[in-house]
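J.: Listed here are the chains, written in short residue letters.
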Amino acid sequence: MTEILDIALLSFMIVLAIAVSRMQNLFMAAMMTGIFSFLSAIVFTLLDAVDVAFTEAAVGAGVSTVLLLGTLSLTTREEKIVKKNNALALLVVLITGSALIYGTLDMPNYGDPNAPVHQHVADRYIEKSGEEMGIPNIVTSVLASYRGYDTLGEVTVIFTAGIGVILLLGHIWRKEDEQ
Amino acid sequence: MFIAAMIGILVTMALALCRALLGPTVYDRILSVNMFGTKTVLFIAVLGFLTDRPDFLDLALIYVLINFIGTLAVLKFVTYNDLGADPEEQNRT
Chain D
1 MTEILDIALL SFMIVLAIAV SRMQNLFMAA MMTGIFSFLS AIVFTLLDAV
51 DVAFTEAAVG AGVSTVLLLG TLSLTTREEK IVKKNNALAL LVVLITGSAL
101 IYGTLDMPNY GDPNAPVHQH VADRYIEKSG EEMGIPNIVT SVLASYRGYD
151 TLGEVTVIFT AGIGVILLLG HIWRKEDEQ
Chain S
180 MFIAAMIGIL VTMALALCRA LLGPTVYDRI LSVNMFGTKT VLFIAVLGFL
230 TDRPDFLDLA LIYVLINFIG TLAVLKFVTY NDLGADPEEQ NRT
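In order, the protein sequence lines correspond to chains D and S. Letter by letter, the first sequence follows residues 1 to 179 in the numbering used here. Letter by letter, the second sequence follows residues 180 to 272 in the numbering used here.
I should point out that these hints are in silico values taken from the structure, not numbers from a laboratory. All of these numbers come straight from a predicted model, not from anything done at the bench. Beta carbons are placed, not taken as given, at the ideal position from N, Cα and C, and that holds for glycine. There may be inaccurate statements among the hints.
Derived, one-sided and incomplete: chain S residues facing chain D with beta-carbon distance under 8 angstroms [said to hold, decoys possible]:
#1 Leu189
#2 Leu196
#3 Tyr206
#4 Ile209
#5 Gly216
#6 Val253
Partial chain D-side listing against chain S, Cβ under 7 angstroms, derived [said to hold, decoys possible]:
#7 Ala8
#8 Phe12
#9 Met13
#10 Ala19
#11 Met28
#12 Met31
#13 Gly34
#14 Ile35
#15 Phe36
#16 Thr45
#17 Ala57
#18 Ala61
#19 Gly62
#20 Thr65
#21 Leu91
#22 Pro136
Simulated restraints, written as ranges between beta carbons of each label pair [said to hold, decoys possible]:
#23 S:Leu240 with D:Asp6: 33 to 39 angstroms
#24 D:Thr151 with S:Leu254: 34 to 40 angstroms
#25 D:Thr76 with S:Gly202: 15 to 21 angstroms
#26 D:Ile163 with S:Phe181: 44 to 50 angstroms
#27 D:Thr156 with S:Leu240: 31 to 37 angstroms
#28 D:Lys84 with S:Ala183: 17 to 23 angstroms
#29 S:Phe181 with D:Glu132: 39 to 45 angstroms
#30 D:Thr151 with S:Leu236: 25 to 31 angstroms
#31 D:Ala144 with S:Ala184: 23 to 29 angstroms
#32 S:Ala184 with D:Ala87: 47 to 53 angstroms
#33 D:Leu10 with S:Ala183: 19 to 25 angstroms
#34 S:Leu210 with D:Val139: 32 to 38 angstroms
#35 S:Ile186 with D:Ile163: 46 to 52 angstroms
#36 S:Val243 with D:Val52: 17 to 23 angstroms
Turn these sequences into a full structure, and let the hints guide you.
T.: This is the structure we're talking about:
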């Protein structure tokens with residue numbers, strides 16, 4: 001049954017992706033990406049990655065649609081049509097795509113117990129994290145403690161991006177105030 | 180029975196998708212996005228029972244809230260063309 005669901009959902013996603021790339025009206029495209037995020041959230045749920053699905057729904061379907069609409073209200077609703085055909089861009093996209101597909105060939109099957117991800121440190125986290133960290137949720141203790149420096153780096157990157165956005169938008173707001 | 184429900188939800192999703200792609204007006208598309216969000220909630224709820232893991236229902240509840248707020252933001256954008264607009268101020272002028 002889940003195979004049928006996977007096929008149906010992934011074909012919905014392909015149809016949507018093609019439609020979004022062909023749309024000229026950016027407002028419609030922003031709406032379609034909202035549907036796309038809902039679909040990918042369902043696929044994540046089917047793959048048992050419930051926490052990723054949670055994030056995808058909150059960020060992809062919720063916040064990023066609103067952010068895209070905010071961008072549209074500051075810029076324009078219609079796409080600028082580029083007339084000249086860009087063969088170099090197509091070539092880069094094709095090479096990147098085939099490299100990504102080539103990369104997936106080496107990946108272990110879904111749910112394979114011999115996959116490296118199940119062999120490396122996962123056992124130790126499952127057995128020891130409770131007594132070492134005192135937190136019942138293993139994901140939280142990995143994120144906040146075992147990989148604490150990594151998380152700190154990520155937060156720094158997001159903080160810097162936020163400062164950049166505020167500086168850019170603040171410039172526009174100041175101009176409006178002067179007028 | 181859950182399989183029949185699942186097939187029904189998939190068909191409804193396909194119909195909502197058709198409406199979102201065909202349009203023709205903005206409101207058709209907004210409604211179809213909102214409906215697609217509702218179908219996502221139903222899908223996750225049914226999936227939980229289909230795979231004997233009804234704890235997915237929490238996830239479905241969060242999606243309802245996100246979908247509601249997202250639709251409000253979109254409608255506000257369509258009406259005022261600005262997310263930070265104050266509706267009362269617009270009415271006064």
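J.: Could you tell me which of the hints above the structure violates, numbers in ascending order?
T.: 3, 9, 15, 21, 22, 23, 28 and 31
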